[in-house]
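Chemist: Spelled out from the first residue to the last, the chains are:
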Amino acid sequence: MLETELINRTLSTALTTGGEFAEVFVEDKRSSSAVLDDGRVEELTSGRDRGAGIRVVVGETTGFAHTADLSEEGLAGAARAAAAAARGGGGGVREVNVSAIDVSRGTPVRIPPEEVAKATKVGLLTLANEAARGSGSAITQVSARYGDSRRRILVANSDGLLAEDDQIRTLFSVSCVATGDTGLQTGRESAGRTIGFELFDETDVEEMARRAAERALTKLNARPAPSGSVPVVVGPGGGGVLFHEACGHGLEADLVAKSASVFAGRVGEKVAADCVTLIDDGTMAGEWGHFAIDDEGRPAGNNILIKDGVLTDYMWDYLRARKEGRVGSGNGRRQSYQHLPMVRMTNTYISNGTDDPAAIVADTESGVYVAQLGGGQVNTATGDFVFGMTEAYLIENGEITDPIREGNLIGNGPEVLTRIDALGNDFAMGSPGMCGKDGQGVPVGDGTPTLRVESLTVGGTAA
Amino acid sequence: MSELLDLATRVAGWANDGEQVEAYVVHERETDVRAYEGEIESLSSAESQGIGVRVVVDGKQGYAYAGTLDEDALGETLHEARDNAAFAEADEFNGVAVPDNVAPAVLELFDERLASFSTDDKVALAIELERATRAADPRISGIESAEYIDTIYESAVATSTGIASVTRETGCYVSAYALAEEHGETQTGFGFSIGRQPGELDVSAAAADAAQRATRLLGAVKPSSARLTVVLDPWVTAQLLGIIGHTLTGEAVLKGRSLFADRMGEEVAMSSITLFDDATNPDAFTASMVDGEGLATRATPLISDGVLQGFLHNSYSGRRSGSASTGSAVRGGFKSAPGVGAHALVLAPGSRSQAELIADIDDGFLVQEVSGLHSGVNPVSGDFSTGAEGLRIRSGEIAEPIREVTIASTLQRLLQDVHAIGNDLEWLPMSAAGVSLVVADVTMSGG
Numbered sequence: 001m002l003e004t005e006l007i008n009r010t011l012s013t014a015l016t017t018g019g020e021f022a023e024v025f026v027e028d029k030r031s032s033s034a035v036l037d038d039g040r041v042e043e044l045t046s047g048r049d050r051g052a053g054i055r056v057v058v059g060e061t062t063g064f065a066h067t068a069d070l071s072e073e074g075l076a077g078a079a080r081a082a083a084a085a086a087r088g089g090g091g092g093v094r095e096v097n098v099s100a101i102d103v104s105r106g107t108p109v110r111i112p113p114e115e116v117a118k119a120t121k122v123g124l125l126t127l128a129n130e131a132a133r134g135s136g137s138a139i140t141q142v143s144a145r146y147g148d149s150r151r152r153i154l155v156a157n158s159d160g161l162l163a164e165d166d167q168i169r170t171l172f173s174v175s176c177v178a179t180g181d182t183g184l185q186t187g188r189e190s191a192g193r194t195i196g197f198e199l200f201d202e203t204d205v206e207e208m209a210r211r212a213a214e215r216a217l218t219k220l221n222a223r224p225a226p227s228g229s230v231p232v233v234v235g236p237g238g239g240g241v242l243f244h245e246a247c248g249h250g251l252e253a254d255l256v257a258k259s260a261s262v263f264a265g266r267v268g269e270k271v272a273a274d275c276v277t278l279i280d281d282g283t284m285a286g287e288w289g290h291f292a293i294d295d296e297g298r299p300a301g302n303n304i305l306i307k308d309g310v311l312t313d314y315m316w317d318y319l320r321a322r323k324e325g326r327v328g329s330g331n332g333r334r335q336s337y338q339h340l341p342m343v344r345m346t347n348t349y350i351s352n353g354t355d356d357p358a359a360i361v362a363d364t365e366s367g368v369y370v371a372q373l374g375g376g377q378v379n380t381a382t383g384d385f386v387f388g389m390t391e392a393y394l395i396e397n398g399e400i401t402d403p404i405r406e407g408n409l410i411g412n413g414p415e416v417l418t419r420i421d422a423l424g425n426d427f428a429m430g431s432p433g434m435c436g437k438d439g440q441g442v443p444v445g446d447g448t449p450t451l452r453v454e455s456l457t458v459g460g461t462a463a
Numbered sequence: 001m002s003e004l005l006d007l008a009t010r011v012a013g014w015a016n017d018g019e020q021v022e023a024y025v026v027h028e029r030e031t032d033v034r035a036y037e038g039e040i041e042s043l044s045s046a047e048s049q050g051i052g053v054r055v056v057v058d059g060k061q062g063y064a065y066a067g068t069l070d071e072d073a074l075g076e077t078l079h080e081a082r083d084n085a086a087f088a089e090a091d092e093f094n095g096v097a098v099p100d101n102v103a104p105a106v107l108e109l110f111d112e113r114l115a116s117f118s119t120d121d122k123v124a125l126a127i128e129l130e131r132a133t134r135a136a137d138p139r140i141s142g143i144e145s146a147e148y149i150d151t152i153y154e155s156a157v158a159t160s161t162g163i164a165s166v167t168r169e170t171g172c173y174v175s176a177y178a179l180a181e182e183h184g185e186t187q188t189g190f191g192f193s194i195g196r197q198p199g200e201l202d203v204s205a206a207a208a209d210a211a212q213r214a215t216r217l218l219g220a221v222k223p224s225s226a227r228l229t230v231v232l233d234p235w236v237t238a239q240l241l242g243i244i245g246h247t248l249t250g251e252a253v254l255k256g257r258s259l260f261a262d263r264m265g266e267e268v269a270m271s272s273i274t275l276f277d278d279a280t281n282p283d284a285f286t287a288s289m290v291d292g293e294g295l296a297t298r299a300t301p302l303i304s305d306g307v308l309q310g311f312l313h314n315s316y317s318g319r320r321s322g323s324a325s326t327g328s329a330v331r332g333g334f335k336s337a338p339g340v341g342a343h344a345l346v347l348a349p350g351s352r353s354q355a356e357l358i359a360d361i362d363d364g365f366l367v368q369e370v371s372g373l374h375s376g377v378n379p380v381s382g383d384f385s386t387g388a389e390g391l392r393i394r395s396g397e398i399a400e401p402i403r404e405v406t407i408a409s410t411l412q413r414l415l416q417d418v419h420a421i422g423n424d425l426e427w428l429p430m431s432a433a434g435v436s437l438v439v440a441d442v443t444m445s446g447g
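From first to last, the protein sequence lines are chains A and B.
Heads up: the first sequence at position 220 corresponds to 220 in this note's numbering, and the numbers run straight through without jumps.
Heads up: the second sequence at position 350 corresponds to 350 in this note's numbering, and the numbers run straight through without jumps.
If you are wondering where the hints come from, they were derived from the structure by calculation, not from laboratory data.
One or more of the hints may lead you astray.
Only pairs whose alpha carbons sit at most 30 Å apart, straight line, appear in this in silico BS3-like list of lysine-lysine [stated by the list, open to error]:
{"hint": "1", "chain 1": "A", "residue 1": "Lys-307", "chain 2": "A", "residue 2": "Lys-437"}
{"hint": "2", "chain 1": "B", "residue 1": "Lys-335", "chain 2": "A", "residue 2": "Lys-118"}
{"hint": "3", "chain 1": "B", "residue 1": "Lys-335", "chain 2": "A", "residue 2": "Lys-29"}
Produce the entire structure from the sequences given, and follow the hints as far as they go.
Modeler: Here is the structure:
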């Protein structure tokens, strides 16, 4: 994407004010999307964003600047701006020689989305619309969205690193509205992978559309959700959001370093039930949170965070790891070249347990079964977190019964982790997610088998 | 004429016969300083620009963007938008905005004093904010973030139908996120101050707010579930209004996604509720002379004395519903076509302070912060459930702090259950003003 000599010169310029570390991050991202709503293909959008972000580090201070101008002058200007913001005691000329590292890549993309005709992409939307509307006359609105992106990145730094990646993602989602006597209800399904258009060899958009429609229709009969603490069973794949919020964010080293995490200083301690092994794994080829290198040039890692209930490690970005004299874990990510990287999750999952999922439900006298979760949010300093349920049912006498209306569940991460009292053997990855932190969104995946939390507070309205 | 408008007008002028073209061009400069332990943690200086082009031909719409204003990117972007339009399906109401002869309000949104404020002075503000927050209370144990951010923003919209408008504005804020600790327990709180230029920022108030919000939650307990009256802090009310604003857009109504779709002229809220969207109010942080399609913004009554009065429209939803744009086109940057939404929602305030409202409540909950609005509130069905923390109200007085609860109702019921509105109207860095709101009969779920 840039000539090595130009990179070396840019890094040298960035170090002229005495910087200890300098980095160039180059990104060239193309995106395309198509939206169907209200019965017709409304719009196609496509775009390109290209530029470089340069940072210079002196002590605890980071200077950062970015530019869309990738010429020698444009890069030098950004390098000087970043350097001006982070001045060290030294200065002068320091030569940098970067050399490329070998990066192991997952499965190559079989069908690059940019080679697929727009008419073919639009055709998927129409199929999904018809399938959803065919699910019942109570389906009164359908929207479907197709999106793909190709993100080529290059990272080089004054430690001599040079690494490149080419990340292709493809996404499809369907949302339905059902109308009944009780008002409107919604249902949504999505599929997204770090692969090309071959996503649709394994994903049937009509089937997805019918599931989304079914979800909205089911909820027309939903009862108010209970209010108060009850046992909660989360279906396979769904529980990932729970762990993402309950402890994932709290294990990010930047928050830990500021003591803004309830998990600070707890490595080696028992933090979860014995059955819990939590892994963050950017190497899972094809998964939504996968990449070959992170946005600081570190290869993706398979990092065990909690093993058999014991906290083993945090997730690290390059700078914080460098400071601690250890290697990064491949968790330094950024939304775009216009942002500074920070510690982020990739694909975060709980490995399989041994319980029979049907038995977990049968063993629950009364409670709530959550089949699909929405997003969530956590305050890492207190550990209190919420997550939404977008498809949920009552459990009565060990059986899944009536659907309940949407709402949030709330819990405290460290408490909830110790209250996981059943873990199924039916591991599945969940829906593709966008994780937001400090205003930056990055794609993340998650997964869990069926699991039960002994008690969680359900935020409904029923007594 | 501004360079941006010149550029946008030039691109719009490339429209073929029988084709409408809209060019939206943005240029933005941002400085972000974060302070930590008395030092600069990070200092980012950013300049970004981009263009978004919308093409409508034979009722079909296409869109394309580029994160650069390089000359060759302009033509490519138009070409790509045109190609995209060919694959969409026609809608007779599609089209860019057409001048409607409404003169924009004259607002002073650009303050030269921000442009001439030095980087060193910005750094000093961030460091002072962090210091003041740490010093505000001995129980402040740490700072998650303390930052100063400013933007100098200019955009232009031009269309082949004769729209030509420019927006120039400055904005800045300081915000602190504090950690408070006592007896091994940690709580958090934020504080901020906003302005058009740094001289308007009140760093000590932001620091004091962050410290007070964090320390007053220390010792918080998880209560048992109850049905009670809640007082929503202005910050929380503004977020709630943002969701309600979404349900009042022409887009949601026309597409059958609004719980208010068939209720025009009906009583949808307590009679004390009067809700406007008014981007022409210069006090609003989101004030704007023109909307995302280049039409003048205007005050739009949405609910008057509890009765549903109107919906928000951009030019598409206005045409399709047989009315007209209310100047409510909104854009989420240059990477997408304009949608429709509220710019600056404001509830008519009441006459009493928050303290006076609380004095009337026997058993209640002052909600200081909510979480999970995006996951627990469904603006289509109206289901409303969010995480909450704040202070219990007993016999008209603030009592113990509470945490790890949810509050739940439906949007429909919330509006009918508003018993009082405070006089503490406050403009916040979002598309709504905050004001204390007393809502009866809300379910609080706890232990």
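Chemist: Hint by hint, say whether it matches the structure.
Modeler: Hint-by-hint comparison with the structure:
A threshold of 30 Å between alpha carbons decides the hint, and for Lys-307 of chain A with Lys-437 of chain A the separation of about 26 Å falls inside it, so the pair holds. In summary, the hint linking Lys-335 of chain B to Lys-118 of chain A is supported, as the alpha carbons are separated by about 19 Å, within the 30 Å threshold. With a C-alpha separation of about 12 Å, the suggested pairing of Lys-335 of chain B with Lys-29 of chain A holds against the 30 Å cut-off.
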